[in-house]
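S.K.: Chain order of the listed sequences is A and B.
1 is the number of the first residue of the first sequence in this note's numbering; add one for each residue after it.
1 is the number of the first residue of the second sequence in this note's numbering; add one for each residue after it.
These are calculated hints, taken from the structure and not from any lab test.
Take the hints with a grain of salt, since some may be wrong.
Chain B is faced by these chain A residues, among others (derived, beta-carbon under 8 Å) [unchecked claim]: (1) 118; (2) 143; (3) 150; (4) 248; (5) 280; (6) 292.
Chain B stretches covered by chain A per the calculated footprint, using a threshold of three residues with CB under 8 Å from any CB of chain A [stated by the list, open to error]: (7) 40-53; (8) 125-131; (9) 159-165; (10) 192-202; (11) 246-256; (12) 291-302.
As a list, the in silico SDA-like pairs of lysine to any residue whose alpha-carbon atoms are at most 25 Å apart [as the list claims (entries may be wrong)]: (13) B:127 - A:277; (14) B:127 - B:210; (15) B:127 - B:223; (16) B:127 - A:49.
Note that the structure is predicted; figures quoted are calculated from it, not measured.
In this text, a Cβ means the ideal position worked out from N, Cα and C, and glycines have one as well.
These are the residues of each chain, in order.
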Amino acid sequence: MSASTIPAPPVPDTLAPSPPKRRRRGGGLGNRPGFLTYGLLGAFVLGSAYPLWWSFVVGSGTNRTRAETLPLIPGENFIRNAMTVLDAVPFWLALGNSLIVASVITVSVVTFGTLAGYAFAKLRFRGRDGLMIFVIATMAIPTQLGIIPLFIVMRQLGWTGELGAIIVPMLVTAFGVFFMRQYLVDVIPDELIEAARVDGANQIRTFLHVAVPAARPAMAILGLFTFMLAWTDYLWPLVVAPQNPTLQVALSQLQSGYYVDYSIVLAGTVLASLPLLVLFVVAGRQLIAGIMQGAVKG
Amino acid sequence: MTSTLIPPPVERTPRRVVKEPLTRRQRLSRFDLRASPYLYIAPFFVLFALTGLFPLVYTLVVSLHDWQLLQGQGDFVGLANFTEVLQDRFFWNSIGNTLSIFVLSSVPQLVVALVLAAVLDQNLRAKSFWRMSVLLPYVVSPVAVALIFSSVFGEQSGLVNNLLGVVGVEPIEWKNDTLASHVAIATMVNWRWTGYNALILLAAMQAVPRDLHEAAAIDGAGAVRRFFSVTLPGIRPTFVFVMITATIGGLQIFAEPRLFDVSTAGGVGGSERQFQTSVLYLWEMAFFRQDFGKAAAIAWLLFLLIVGIGLINFLLSQRIASAEKAVGSRRERRRSKGARR
Chain A
1 MSASTIPAPP VPDTLAPSPP KRRRRGGGLG NRPGFLTYGL LGAFVLGSAY
51 PLWWSFVVGS GTNRTRAETL PLIPGENFIR NAMTVLDAVP FWLALGNSLI
101 VASVITVSVV TFGTLAGYAF AKLRFRGRDG LMIFVIATMA IPTQLGIIPL
151 FIVMRQLGWT GELGAIIVPM LVTAFGVFFM RQYLVDVIPD ELIEAARVDG
201 ANQIRTFLHV AVPAARPAMA ILGLFTFMLA WTDYLWPLVV APQNPTLQVA
251 LSQLQSGYYV DYSIVLAGTV LASLPLLVLF VVAGRQLIAG IMQGAVKG
Chain B
1 MTSTLIPPPV ERTPRRVVKE PLTRRQRLSR FDLRASPYLY IAPFFVLFAL
51 TGLFPLVYTL VVSLHDWQLL QGQGDFVGLA NFTEVLQDRF FWNSIGNTLS
101 IFVLSSVPQL VVALVLAAVL DQNLRAKSFW RMSVLLPYVV SPVAVALIFS
151 SVFGEQSGLV NNLLGVVGVE PIEWKNDTLA SHVAIATMVN WRWTGYNALI
201 LLAAMQAVPR DLHEAAAIDG AGAVRRFFSV TLPGIRPTFV FVMITATIGG
251 LQIFAEPRLF DVSTAGGVGG SERQFQTSVL YLWEMAFFRQ DFGKAAAIAW
301 LLFLLIVGIG LINFLLSQRI ASAEKAVGSR RERRRSKGAR R
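Let the hints inform the model, and build the full structure from the sequences given.
M.R.: See below:
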């Protein structure tokens, strides 16, 4: 990649007028949909939420509740079933492990993603375009398939069973870099960076005081998705640290043995799903914004 | 890897002869300007080289050796692992299962997501509420989904068979029967991802210029016609993106088949491996049978398969795009001819 291929500084995109918001009222297109639409949508939503509710109903009943055709009312045994779950698997340890693992991974992915994304979006340097193409290409690589050498290395290091072994392979993602780059390209005017430099700010100060504040919304979204991904990961934690389980691994251990008491298993499932359900209630809007923004950008 | 990141020292001698020698501060600032970008991208590239690229290459090394979990590295065996895997009927069985589950999950999922997005794209009351409700299953982890649906699809007394019993259908052997088990696992994937994909498609639909719709409406196109002639072409790039991510994800399904029926055969995908996916087979080979060499060979074959199918997807969409363009320009030409006449 020769220096000549680096494009001239582009005209800042942010100065261009943002496209007018789409208007939905008026005209023949913005009509409120009819009762049928709401009915169908409602039925779909209820149908897709029911398995979750059903888990709670069975998890709060006995194994016999499962034989009922369409149980709707929760039983009284949830606490007792949940206590059985806490006895059967190291639930609190697993919860703590998952919190540590997902938090460390999130901080790392967001930090390094923002740093590299900023460099790719706003700094000029030799080889930038080629390296960016490389990042994009690696997004399609299913890193799951590298578990065998990773396991061999972790075992040689004596890390199996350690949280570090779960965390280290997930510290950076190509997607994180790509996502932050796409966001920052549009959001920071080049003049702002230039101005900071003229004012005598060195590069790292410019990054901290210009880029990071501007990047905050995207960092939040990237963090949210990274956290969810790390929280729900199963294969790698199962392989490298089954004896020191994350929440997903502990949950999966509930369903071992020949006789399965589903009311216990489902009580555990509900219990283990609560953290993300809480997150969903708190940050659901950001999740939706993230999914929908990613779609338009990507 | 890292060595390529360090820029070659830039020669600036001609200028330096003319100018005053730089002060320490200036030199520092210039170094700051030059080196900072590389310092910022270095953590990503170093970590990615260690945890992403190195394992991929090292997988190839392992696959060329006789390599057991406990004994470690053995003799170099060339491509023997690959040939053995390719002759292994369980390998092909797992590929067949993966593709079957993949088709059963991606096709209905994309169709339903498209319809759902079109419904959500209407001028609904309480937009956020509907979007949230549609996304709810996404926050349930695959392990939890697997446990819930393993119970929902229980053979003796699962929700689905209970409901089927009401309408007089004989209980289905969701865990024993091959096709039924594929349907059950595809249902789990569909349940978790349909709403998520609907939101992506919804965003794309909202980006379709409004005047196109209005022009079509004025020309007398009904809602259905507008959907097929305006909305669908408008969201095609996003649709391709959703398709490719669905492919990459769909071919790597693990938790769902692993936990669908643990009580038989210890969770390797059914007593007859009737729903053993490829990643599950890879896991079994590595950590049950402890044959790392063969497992690494499976990993590489799977990698090639995923990249291959991704490429086919991509090329197919290019084809459709160019074909559409051709049709479009033909129409254009016909129209202009008509106008001249």
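S.K.: Each hint should be assessed against the structure and marked as holding or not.
M.R.: Do the hints match the structure? See the list:
Residue-level restraint check for residue 118 of chain A holds (minimum Cβ-Cβ distance to chain B is 7 Å; threshold 8 Å). A cut of 8 Å between beta carbons decides the hint on residue 143 of chain A: the least distance to chain B is about 5 Å, and the hint holds. Evaluation of the residue 150 of chain A hint against chain B yields a held restraint, the C-beta minimum of about 5 Å falling below 8 Å. Restraint check, residue 248 of chain A versus chain B: the minimum CB separation of about 4 Å is within 8 Å; hint holds.
Nearest Cβ of chain B to the Cβ of residue 280 of chain A: about 4 Å, under the 8 Å cut. The hint holds. The interface hint given for residue 292 of chain A is met, as the beta carbon of that residue sits about 4 Å from the closest beta carbon of chain B, less than 8 Å. For the region 40-53 of chain B, the stated coverage by chain A is satisfied: 10 residues place a CB nearer than 8 Å to a CB of that chain, which reaches the threshold of 3. Given a C-beta distance limit of less than 8 Å, the hint that chain A covers the region 125-131 of chain B holds, as 4 residues qualify and 3 suffice.
Coverage of the region 159-165 of chain B by chain A holds. Counting CB-CB distances below 8 Å, 4 residues qualify, and the rule asks for three or more. Only residues whose C-beta sits within less than 8 Å of a C-beta in chain A count toward coverage, and the region 192-202 of chain B has 7 of them, enough to reach three; the restraint holds. Coverage of a stretch by a chain is defined here by at least three residues with a beta carbon nearer than 8 Å to that chain's beta carbons; for the region 246-256 of chain B and chain A the count is 5, and the condition holds. Only when three residues or more bring their CB closer than 8 Å to a CB of chain A does the claim for the region 291-302 of chain B stand; here the count is 6, and the claim holds.
Distance restraint check for residue 127 of chain B and residue 277 of chain A: the Cα-Cα separation of roughly 20 Å lies within the 25 Å cut-off, and the hinted pair is therefore satisfied. Between residue 127 of chain B and residue 210 of chain B the CA atoms are separated by roughly 19 Å; this keeps the pair inside 25 Å, and the hint holds. Proposed proximity of residue 127 of chain B and residue 223 of chain B is supported: the alpha carbons are some 20 Å apart, at most 25 Å. For the given pair, residue 127 of chain B sits about 18 Å from residue 49 of chain A by alpha-carbon distance, which is consistent with the 25 Å threshold.
Going down the numbered hints, you'll see the structure goes against none, and every one checks out.
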